[in-house]
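One letter stands for each residue in the lines below.
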Amino acid sequence: MKLDSKIPSGPVQQKWDKHRFETKLVNPANKRKYEILVVGTGLAGSSAAAALAELGYHVKVFCIQDSPRRAHSIAAQGGINAAKNYPNDGDSIYRLFYDTVKGGDFRAREANVYRLAQVANNIIDQCVAQGVPFAREYGGTLANRSFGGAQVSRTFYARGQTGQQLLLGAYSSLMRQVGKGSVKMFPRREMLELVVVDGAARGIVCRNLVTGDVESYSGHAVLLCTGGYGQVFYLSTNAIASNCSAAWRAHKHGALFANPCYTQIHPTCIPVSGDYQSKLTLMSESLRNDGRVWVPKKKGDSRSPDTIPEEERDYFLERKYPSFGNLVPRDVASRNAKQMIDEGRGVGDTGLSVYLDFGDAIKRLGESVVREKYGNLFDMYHHITDENPYKVPMRIYPAVHYTMGGLWVDYNLMTTIPGLFCLGEANFSDHGANRLGASALMQGLADGYFIIPYTLGGYLASSKLPKIDLGHAQFKAMETAVAKRAQELLSIKGKRTPGDFHRALGHIMWDKVGMARNKKGLEEALREIPKLREEFWKDVNVTGAGRELNQTLERAGRVADFLELGELMARDALHREESCGGHLREEHQTPDGEAKRDDANFAYVAAWEHKGDDAAHALHKEPLAFEEVHLTQRSYA
Amino acid sequence: MTEKAKRNYTLKVWRQKDAHDAGRMAEYRAEGISPDASFLEMLDIVNEQLVRKGEDPIAFDSDCREGICGMCSCVIDGRAHGPGAATATCQLHMRAFEDGATIVVEPFRARAFPPVKDLVVDRSAFDRIIASGGFVSVNVGSAPDGNTHLVPHPVAEKAMDAAACIGCGACVAACPNASAMLFVAAKISQLSLLPQGQPERAARALNMLKRMEDEDFGNCSNHGECEAVCPKEIKLSNIARTNREFIRASVCSDE
Ligand SMILES: Cc1cc2nc3c(=O)[nH]c(=O)nc-3n(C[C@H](O)[C@H](O)[C@H](O)COP(=O)(O)OP(=O)(O)OC[C@H]3O[C@@H](n4cnc5c(N)ncnc54)[C@H](O)[C@@H]3O)c2cc1C
Ligand code: SF4
Ligand code: FES
Numbered sequence: 001m002k003l004d005s006k007i008p009s010g011p012v013q014q015k016w017d018k019h020r021f022e023t024k025l026v027n028p029a030n031k032r033k034y035e036i037l038v039v040g041t042g043l044a045g046s047s048a049a050a051a052l053a054e055l056g057y058h059v060k061v062f063c064i065q066d067s068p069r070r071a072h073s074i075a076a077q078g079g080i081n082a083a084k085n086y087p088n089d090g091d092s093i094y095r096l097f098y099d100t101v102k103g104g105d106f107r108a109r110e111a112n113v114y115r116l117a118q119v120a121n122n123i124i125d126q127c128v129a130q131g132v133p134f135a136r137e138y139g140g141t142l143a144n145r146s147f148g149g150a151q152v153s154r155t156f157y158a159r160g161q162t163g164q165q166l167l168l169g170a171y172s173s174l175m176r177q178v179g180k181g182s183v184k185m186f187p188r189r190e191m192l193e194l195v196v197v198d199g200a201a202r203g204i205v206c207r208n209l210v211t212g213d214v215e216s217y218s219g220h221a222v223l224l225c226t227g228g229y230g231q232v233f234y235l236s237t238n239a240i241a242s243n244c245s246a247a248w249r250a251h252k253h254g255a256l257f258a259n260p261c262y263t264q265i266h267p268t269c270i271p272v273s274g275d276y277q278s279k280l281t282l283m284s285e286s287l288r289n290d291g292r293v294w295v296p297k298k299k300g301d302s303r304s305p306d307t308i309p310e311e312e313r314d315y316f317l318e319r320k321y322p323s324f325g326n327l328v329p330r331d332v333a334s335r336n337a338k339q340m341i342d343e344g345r346g347v348g349d350t351g352l353s354v355y356l357d358f359g360d361a362i363k364r365l366g367e368s369v370v371r372e373k374y375g376n377l378f379d380m381y382h383h384i385t386d387e388n389p390y391k392v393p394m395r396i397y398p399a400v401h402y403t404m405g406g407l408w409v410d411y412n413l414m415t416t417i418p419g420l421f422c423l424g425e426a427n428f429s430d431h432g433a434n435r436l437g438a439s440a441l442m443q444g445l446a447d448g449y450f451i452i453p454y455t456l457g458g459y460l461a462s463s464k465l466p467k468i469d470l471g472h473a474q475f476k477a478m479e480t481a482v483a484k485r486a487q488e489l490l491s492i493k494g495k496r497t498p499g500d501f502h503r504a505l506g507h508i509m510w511d512k513v514g515m516a517r518n519k520k521g522l523e524e525a526l527r528e529i530p531k532l533r534e535e536f537w538k539d540v541n542v543t544g545a546g547r548e549l550n551q552t553l554e555r556a557g558r559v560a561d562f563l564e565l566g567e568l569m570a571r572d573a574l575h576r577e578e579s580c581g582g583h584l585r586e587e588h589q590t591p592d593g594e595a596k597r598d599d600a601n602f603a604y605v606a607a608w609e610h611k612g613d614d615a616a617h618a619l620h621k622e623p624l625a626f627e628e629v630h631l632t633q634r635s636y637a
Numbered sequence: 001m002t003e004k005a006k007r008n009y010t011l012k013v014w015r016q017k018d019a020h021d022a023g024r025m026a027e028y029r030a031e032g033i034s035p036d037a038s039f040l041e042m043l044d045i046v047n048e049q050l051v052r053k054g055e056d057p058i059a060f061d062s063d064c065r066e067g068i069c070g071m072c073s074c075v076i077d078g079r080a081h082g083p084g085a086a087t088a089t090c091q092l093h094m095r096a097f098e099d100g101a102t103i104v105v106e107p108f109r110a111r112a113f114p115p116v117k118d119l120v121v122d123r124s125a126f127d128r129i130i131a132s133g134g135f136v137s138v139n140v141g142s143a144p145d146g147n148t149h150l151v152p153h154p155v156a157e158k159a160m161d162a163a164a165c166i167g168c169g170a171c172v173a174a175c176p177n178a179s180a181m182l183f184v185a186a187k188i189s190q191l192s193l194l195p196q197g198q199p200e201r202a203a204r205a206l207n208m209l210k211r212m213e214d215e216d217f218g219n220c221s222n223h224g225e226c227e228a229v230c231p232k233e234i235k236l237s238n239i240a241r242t243n244r245e246f247i248r249a250s251v252c253s254d255e
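Here the protein sequences come in this chain order: A and B. Residue 293 in the numbering used here sits at position 293 of the first sequence, and the numbers go up by one each step. Residue 77 in the numbering used here sits at position 77 of the second sequence, and the numbers go up by one each step.
It is worth saying that the hints were derived from the structure and are not from the lab.
In silico EDC-like links for lysine to aspartate or glutamate, alpha-carbon gap of 20 Å or less:
#	chain 1	residue 1	chain 2	residue 2
1	B	53	A	535
2	A	60	A	215
3	A	320	A	343
4	A	180	B	215
5	B	12	B	99
6	A	495	B	48
7	B	158	A	372
8	A	493	B	48
9	B	235	A	372
10	A	493	B	56
11	A	493	B	55
In isolation and in its complexed conformation, chain A is listed as follows:
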């Protein structure tokens, strides 16, 4: 298989314009003849569905939750980037592009990232026009703040609820189209199979989560906007229903999976407190604008933080990275926290956390200003830990947060299956080996509002897609496959719950495919995961029946797919004999513990092909060329 990224020729600044001009258009009157299936209603899915319906396409939209408004994007806190340069502090499209390529540790496609930076400003305008209540300065203009990995202030925000407000904006546009009849909404549906006819994606098979019925839907193209796979770690900041199943089914039908090992561990999360825990809660990185990260200089210092004098504290990020200080990128901040803890300088009951201290900020700005900026985050922290962060420093620890890997897509966001597109966190395209803060929201909305409306049209206008109906043999085959798999899960009647297996997998992933990886651990993971998967199919207990609301069955299906994806992640991490961004191989570090890339051998996208359940994955390489941003060792010192 030859990977063709379809990156347009010419200077990076002109690629997108040129491509839009060269892409065929669908005649306005013909748009309504096309039926588009959009799976997922996060920022990517909602924005795509609304934009396509506005153009006249017929759109069917699916999501797991009871309402499209509840997609995981709702939980994003900190903000969204754009190069408006309103603060006049030196920002530009080029700088946003540059920072994002560098932040991704030179493992993203320049052309995609440039396009992302180009459309970012339109996103802000669109969201403002929808009535998104972004934070404002006293003069009434839009406010900005800084985020990690940037020295300019380019992040737009709506308190600590930016994802919520952006999603509600996209959702309101989506519901407007539902009201007009151009979008039909199917909530509480889980896509469990892709239907490929004559080599093109032509439909999906879902389980109706209320009745348990297996339902088929046909269309001229399928857009997967199904989010990331961080839940493979069991504990993550993702929502409970976040999963990899839709992408994984597509992968098994021939869509390559790119860079599965690139996962982001977010530095500022509330630490784990016990084994009952079902998720980890993020404290937005925007907190690092005003909070100072420190640990005691002495090992095992168990004094309460207010009694530790200034000179006995180690503000380790400020010490090691004087120009970026507390605002270094996430991977750097996470690794340093881990290092402090490994040195025995962690704090709290478990010793598994570091301080994020607002004492100075409260002195400097006053409690009310701090409350206005971060009030809801402080409240959230207080609720969960029963500690008041206005009085005592927060305790934070890194947690799995985002997956940069995902389905391989070309410049048109199309996977290796014609007609199957992938948007948002579910694809691999823009963040390389590490995503900068406030750029996932930007990417989801860029893909949905401003990219897919053009590239999908190009595909439709240049493809012959004969009408097919739901009686087609391929639909029947996939319906049978979905029903059979549910029956199989229900009939095992073993002793362990799907949750038991999920936790066991999470332990392996966190210990061996987590923040720091090495050959020995990865090889162990590659032995342990298949073994666990085998046990799962022999010993899982799924109660209830198929034709009813059955949350145990839903969970079991998702865990079964994670048990396959987890193995591919370990394989990818093992093959990548370098460190880059969020992927740290302990064998490949600079003397001071920074990620050491090997550009001569690994400046490529690793795209894995499924060769059958009993065969090894095949690796395909898409070489990455850096024409604009020169390959350098990242430095934030």
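For this one, chain A is given, so just place chain B with the ligands on it according to the hints.
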């Protein structure tokens, strides 16, 4: 690690197989629960035990588990989202319940929220209300620069206060009339405060309120129970603003 003392509870939980089943209360034991566990994590523990015994676990909705998606929806000891102030069900921790307590767990009940299973109900009426007018009609591509319309800081803050609604439906569950007024008012307020919402201001108020009625929600008669349970502290003043919007739209609109 200093272990906090584990606690034991008796749960009385509403079980209902599907929309056609009459439903009943069932009793369960929740044992060895950490006070730092969340309420839903406590239910997870009970459910895992039920699955191990081969019994049907308690169905309940949740997703973000941090109070922002609006999916979780339990009435706990007679109060929508339970005893905490300004918290959704998922943000409640077991430290709020004394060791040995009996806890009663029921679904959000309202005519407009038909039951689905156990603690799960159908809140799609909220989506239909938004589809009737809870938006600004602006197609992708046609937006002016974000700073074209200045929004005074306090107005933006007020709009944000209203926009914080998570669409959970607790206000409906708590209202003696099962009115959705607080939910509707939050959206109408947000958009009528902002310049972007002006062109459709009157139609929006009329359409959304009409739709609320058509969906079988009750009328607002100023009980204020909604505000008391709202996890996002949406203020009753939004209802007053909405009433003004309604009068303005009915009497003196040019739209
Ligand atoms: C706590 C938190 C805070 C964050 N803060 C920020 C931030 O400040 N700035 C930033 O830029 N990014 C942030 N991120 C990252 C960002 O929120 C996500 O990457 C982004 O929202 C993903 O959007 P999405 O549309 O790709 O997918 P999601 O929002 O995850 O949506 C996935 C959708 O797919 C549906 N779905 C999944 N599988 C199926 C299936 N099989 N069948 C049917 N439907 C399915 C789901 O129901 C859902 O509707 C944050 C992430 C987290 C976890
Ligand atoms: S107004 Fe409050 S209680 Fe009602 S739906 Fe919104 S957040 Fe929930
Ligand atoms: S689960 Fe999302 S608000 Fe409770």
